[in-house]
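Q: Here is what each chain is made of, one letter per residue.
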Amino acid sequence: MELKHISKSFGAQQVLTDISLVLEEGHTLAVLGKSGCGKTTLLRIIAGLELADNGEIWLNGKNMSGVAVHKRNAVYLNQEPLLFPHMTASANIAYGLEVRGVPASDIRRQTEQMLAELGLEDQGHKRPHQLSGGQRQRVSFGRAMIIHPAVLLLDEPFGNLDPDTRKQMQELFMRLSTAHRITSLLVTHDLKEAILTGQQTAFMESGVLTMYPDTGAFLSDPRTGGQDEMAFWKKYNQS
Amino acid sequence: MHRRKTYASLVVSIILAALPYGILPLMSFFGRWHFPALLPETWTFQHWGSFLHSQGAVGASFLLSLGIATCTATLASTGGLLLSRAVSYSSFRQGGLFFSLLPVTMSPVLFATILLFYFQVAGLAGTVAGVILAQMLIALPFAIIYFHSFWSVRILRLEQLSATLGSTPVHTYRYIIWPVARPFLLVCFFQTFIISWLEYGLTSVIGTGQIQTLTLKVFLYIQESNPSMAALSATLLILPPAILLFWNRRFVFKEVSL
Amino acid sequence: MKAGKSIAWIVFVLLVILPVSASLVYAFLYSVGLTGLLSDGYTIAYWQQLRTNSPFFFSLLYSMIIAVISIGLAVCIALWLTLRYGTTLQRRNISFILLLPLGIPAVVAALMTYQLLSPSGWLSRLTYAVGLTGGPDAFPALINDRLAVGIIITHIILAVPYFTALFRNIYRQEQGDLLLLTARNLGADNGQASRTIVIPLLLRSAFPSVLMFLLFVMGSYEIPLLLGVSDPRMLSPLIADKMFRFDLLDKPLAYAMLVSYVLLVLLLNMLLLRKNARHA
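Taken in order, these protein sequences are the chains called A, B and C. The numbering used here puts the first residue of the first sequence at 1, with every later residue one more than the last. The numbering used here puts the first residue of the second sequence at 240, with every later residue one more than the last. The numbering used here puts the first residue of the third sequence at 498, with every later residue one more than the last.
Any given hint could turn out to be false.
Said to hold, decoys possible - In the BS3-like style, the derived pairs of lysine-lysine whose C-alpha atoms are separated by at most 30 Å in a straight line are:
(1) C:K772 with C:K502
(2) A:K4 with C:K748
(3) A:K126 with A:K192
(4) C:K772 with A:K71
(5) A:K71 with C:K499
Stated by the list, open to error - If you only want the chain A side, here are some residues facing chain B, beta carbon under 7 Å, derived:
(6) K34
(7) A47
(8) Y212
(9) G216
To be verified - Beta-carbon label-pair distances, calculated as ranges:
(10) C:G501 with A:N54: 44 to 50 Å
(11) C:I696 with A:K126: 24 to 30 Å
(12) B:T313 with A:D106: 36 to 42 Å
(13) C:T584 with B:I482: 50 to 56 Å
Derived from the structure by calculation, the hints contain no laboratory data. Yeah, the Cβ is synthetic: ideal placement off N, Cα and C, and Gly gets one too.
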């Protein structure tokens with residue numbers, strides 16, 4: 001995925017300013033940023049849910065300008081799993097494949113495989129209201145990854161989970177995205193999550209994106225809070 | 240002693256609520272009933288006989304009311320679902336709700352009075368089509384307000400998610416939105432059916448007294464001091480809503496939220 | 498999609514905005530003498546008549562008082578039922594019976610009240626049978642009376658089921674049981690907890706519905722038509738009577754009353770929307 005000079009304003013308020021980045025296939029770019037920095041707007045623009053004022057979006061070598069949302073193959077996920085309430089877990093996972101006209105036998109096979117990878121082999125027949133929060137989030141991931149999107153856009157996907165479930169979901173995400181070579185852009189306000197999940201890291205503030213060559217450079221930037229975090233644990237350890 | 244006292248007011252409430260469903264059917268069999276007799280001197284099946292007779296006026300009114308209510312409810316609930324989406328997702332949402340609220344909160348007879356001139360000019364006054372259209376002008380805004388709570392941010396996000404998963408708008412509506420909307424549509428249909436079925440003032444004004452729905456028949460028999468026929472018409476009027484209420488008692492209360 | 502949205506807005510304007518706006522314009526023009534069979538050119542005479550020499554404002558006051566008494570009592574009864582019998586009301590059969598009046602039209606409710614409370618009605622026959630009254634003339638006027646007793650009773654019977662269901666819903670959604678427990682935990686007795694926590698909570702949340710019902714009762718037609726008197730009259734029968742009487746000279750005044758009524762409803766609707774937005 002490549003973004004070239006993306007800008008966006010809502011009325012007088014400039015939300016994104018000249019955003020450019022290159023994301024290699026199969027990699028995850030973790031973007032750290034506080035609420036209101038423009039990260040949700042950026043993801044929605046890539047998905048086609050908002051229009052940029054300027055700039056270009058390239059996915060798999062194709063310019064996405066003017067391409068409809070349902071043709072971009074850029075899946076947008078946020079904190080809420082948003083499972084289709086009238087469908088079972090299996091049907092939710094299979095949805096993207098059905099829409100693409102994949103043969104029924106292949107859908108069945110791939111869905112069962114995905115359920116197994118998600119650790120939900122015996123939950124496929126259940127409706128969303130019968131699943132726990134963590135299980136619903138897993139189904140949401142499975143539904144997105146089974147169609148091998150050109151890019152997976154994650155907007156603080158683990159934000160409303162408890163610490164243990166959050167850790168499990170981070171590990172699941174990294175496992176699945178590596179296994180299926182999914183290109184992902186994950187935005188978070190959690191420093192640790194950004195470091196754990198991203199092969200590439202970036203920081204966003206007031207609509208301006210800063211990319212870093214490695215984790216060391218990311219942590220060295222005082223804006224990321226990495227230095228403060230390390231100083232805190234060092235002091236705590238000494239005492 | 241305390242337990243009996245405790246439930247007395249509830250029992251009274253239950254009796255009062257169920258009273259019309261007992262008294263009205265009973266009264267429809269009254270023959271001669273002069274003061275001060277507590278019960279009628281004679282009982283008769285004559286009134287029900289005339290209703291069941293194919294040329295009976297009450298029977299014709301019953302069928303007419305059924306037809307008008309079904310038409311109105313179908314058009315209002317489906318139209319309301321679609322129009323409400325446009326209103327709820329626009330920046331003019333509050334304005335849309337404001338305009339939708341007036342026909343719903345106005346007295347129906349006065350609403351009809353204010354519309355009558357245009358209906359007369361269009362040749363719709365005194366016609367069934369005119370009555371259906373006039374009832375639609377109340378039922379449709381009602382449905383728009385009703386569905387306003389359905390078209391939430393959550394539904395919008397479902398639509399958008401479905402699009403990012405590769406679904407066309409038509410596919411999204413058919414397989415995602417429609418199944419979720421169906422129970423709401425059903426409740427709205429029943430509510431708009433009841434609005435139309437029970438309507439009197441607007442129907443009598445726009446219908447110029449010629450469109451004799453069941454509510455008009457009740458009024459007519461009251462004015463003619465024919466309590467038994469009024470009771471029969473009233474019984475026919477209140478039974479369908481009671482049946483609908485029974486079927487829908489799961490959803491029986493959903494506050495219309497703005 | 499964009500075409501669909503445009504079509505939806507066109508239909509909305511045609512079926513929701515246009516009918517009322519166009520009708521209001523016509524009504525106003527009629528009331529200032531600019532249109533109508535007997536129009537003589539622009540005049541504010543009818544609006545002056547409305548202000549100084551018409552029953553409109555008294556009728557408005559009369560309607561408001563009836564509405565406030567009816568809905569006030571209905572709300573009190575509904576609160577009583579909700580707080581006293583909360584769990585029992587959740588039983589499906591009982592809640593179904595209590596909600597039956599929701600399916601009764603105003604004209605039937607008026608018929609019931611007439612049959613029960615008229616001088617030749619059931620209550621009168623009962624009191625005669627036990628020797629309390631000497632005939633229909635001795636029975637107190639509970640319908641077609643200036644105090645609007647029959648009108649108020651009928652509106653109460655129609656409104657109580659609605660408010661009972663509403664309060665029950667709000668109580669459940671706001672976890673009324675837990676709130677009561679918390680208040681008692683902090684030292685309040687049952688009565689205090691109900692008075693200071695639950696009742697204010699229910700009334701605040703239900704306020705938009707209360708306002709809407711007040712509008713419905715104020716604009717009531719069939720019930721005051723059957724159970725009311727000719728003077729004073731509630732708003733709807735008054736305006737309808739002036740509009741459809743044979744005397745065409747009454748029409749401009751009737752339209753002036755109609756426009757005033759609509760403006761009042763618009764004002765109360767704005768309040769309703771604002772209150773509802775706050776509670777959302």
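Q: Next step is simple, just say for each hint if it's right about the structure.
A: Tested hints:
1. C:K772 with C:K502: The given pair, whose Cα atoms are some 29 Å apart, holds under the 30 Å limit.
2. A:K4 with C:K748: With a Cα-Cα distance of about 69 Å, the restraint between A:K4 and C:K748 is violated, given a limit of 30 Å.
3. A:K126 with A:K192: Distance ~33 Å between A:K126 and A:K192 Cα, so the pair is violated.
4. C:K772 with A:K71: Roughly 43 Å separates the two Cα atoms, so the pair is violated.
5. A:K71 with C:K499: holds (18 Å)
6. K34: violated (22 Å)
7. A47: With Cβ-Cβ at 5 Å, under 7 Å, it holds.
8. Y212: violated (28 Å)
9. G216: It is violated, given that the least Cβ distance between A:G216 and chain B is near 34 Å, above 7 Å.
10. C:G501 with A:N54: 44 to 50 Å: violated (29 Å)
11. C:I696 with A:K126: 24 to 30 Å: This hint is violated: roughly 41 Å between Cβ atoms.
12. B:T313 with A:D106: 36 to 42 Å: holds (41 Å)
13. C:T584 with B:I482: 50 to 56 Å: At roughly 27 Å between Cβ atoms, B:I482 and C:T584 fall outside 50 to 56 Å, so the hint is violated.
When each numbered hint is compared with the structure, violations occur for hints 2, 3, 4, 6, 8, 9, 10, 11 and 13.
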